[in-house]
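Count along the sequence shown from 1, then add 15; that gives the number in the numbering used here.
Certain hints may be false.
As the list claims (entries may be wrong) - Calculated cross-link-like contacts (lysine-lysine; reagent style PhoX-like; alpha-carbon spacing at most 25 Å):
1. K217 - K99
2. K222 - K165
3. K40 - K217
4. K41 - K165
5. K99 - K227
6. K217 - K36
7. K36 - K227
8. K278 - K36
9. K227 - K41
10. K99 - K40
11. K36 - K215
12. K215 - K99
13. K284 - K41
14. K40 - K278
15. K217 - K227
16. K165 - K284
17. K165 - K99
18. K36 - K165
19. K41 - K99
20. K215 - K41
21. K227 - K278
22. K278 - K41
23. K40 - K165
24. K40 - K222
25. K99 - K36
Quick caveat, the hints were computed from the structure, so don't treat them as lab data.
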Amino acid sequence: MWLLMAVLSAVFAGLTAILAKCGVKKTDSDVATAIRTIVVWFFSWLMVLAAGSAGTITNIDTMSLLFLCLSGLATGASWICYFKALSMGDVNKVVPIDKSSTVLTILLAIICFGETDHLFIKLICTAVLAAGIFLMVERKQQEDHSVNGKWIIYAVLSAVFAALTSILAKIGITGVESNLGTAIRTGVVLIMAWLIVFIKGKQTQVKLLDHKELIYIILSGFATGASWLCYYYAISNGVVSVVVPIDKMSIVVTVLFSYIVFKERLSRKALIGLGLMVGATLTMAVLSL
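Construct all of the structure, not just a fragment, from the sequences and the given hints.
So, in structure tokens, the structure goes:
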């Protein structure tokens, strides 16, 4: 069941990217993220009520609650560092570093949770994943290049916080119903997302939203909520070092729909990278069975 949930998490995450792209043609990305997080928060609490687990919130021990909150803060911190890095450096240099969070998560899972079964093969697959991520990132010529080397610090921090998100959530969600754990964590992310909007003084843009794009943003919120619920069920019941790369396979769904909807095609190099990522992920998934 946890493998199925991990796959569904990837599917919904892939749809999120497409819907979000449709919703940010005119809308500021920070504002769209904050609105989408509201939808995810409501969606996650509806699932808690439907599962009848709301009453168990008083049974959550202090340590689990602490790590769930830390996981939410890590997500928010990752977003802040990521956007800061993008504002200072070359996008095509920032993105590969941010995507290295997948590799970091697998390594941290091996260290923190002792997920050492088939360790040699798992490490080989991790290296293949890293190579695939590198090939998937298209490097384009940019007219403007940042001379400020500080962007790399923010990019690295973004990847580290993203990796910590999964590890902290795994610890915090132990003994906690997965829907409830997701709802609590989403509340922390919601606060972080709106703090970003207010700190940057973008709150006035909410009134100027295009109605059509608002619909896409809301739909992307539902897709995000569904992805998170499936994801945190998977990591609470499965192997983190397998769940995380499967979740990252959302890129396959995104590539497929971007070709259908936006007629975007991958280069030969990017297709090779995608193949390496899929192959490494399937290998680790099979090893866990």
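TODO: With a cut-off of 25 Å on the C-alpha distance, tell me whether K40 and K278 pass.
DONE: holds, 16 Å
Task: Given hint K278 paired with K227 - CA-CA distance at most 25 Å - done: The given pair, whose Cα atoms are some 21 Å apart, holds under the 25 Å limit.
Task: Given hint K41 paired with K284 - CA-CA distance at most 25 Å - done: violated, 31 Å
Open item on the list: Please verify whether K222 and K165 have alpha carbons no more than 25 Å apart.
Closed with: violated, 34 Å
TODO: Starting from K36, check that the Cα of K165 is at most 25 Å away, please.
DONE: violated, 28 Å
Open item on the list: Run the distance test for K41 versus K165: straight-line Cα separation, threshold 25 Å.
Closed with: violated, 29 Å
Open item on the list: Against the 25 Å threshold, does the CA-CA distance of K40 and K217 hold or violate the hint?
Closed with: holds, 16 Å
TODO: Given the hint that K217 pairs with K99, test it: the Cα-Cα distance must not exceed 25 Å.
DONE: OK: K217 and K99 at ~16 Å, within 25 Å.
Task: Given pair status - K165, K40, alpha carbons within 25 Å - done: It is violated: about 29 Å lies between the C-alpha atoms, which goes past 25 Å.
Open item on the list: Just to be careful, I want the Cα atoms of K99 and K40 compared with a cutoff of 25 Å; is the pair within it?
Closed with: Holds, at roughly 20 Å.
- [ ] Verify the proposed pairing of K36 with K215, using a straight-line Cα cut of 25 Å.
- [x] Holds, at roughly 21 Å.
Task: 25 Å Cα cutoff - pair K165, K284 - done: Cα-Cα ~29 Å, so violated.
Hints 2, 4, 5, 13, 16, 18 and 23, counting from the list given before, are not met by this structure.
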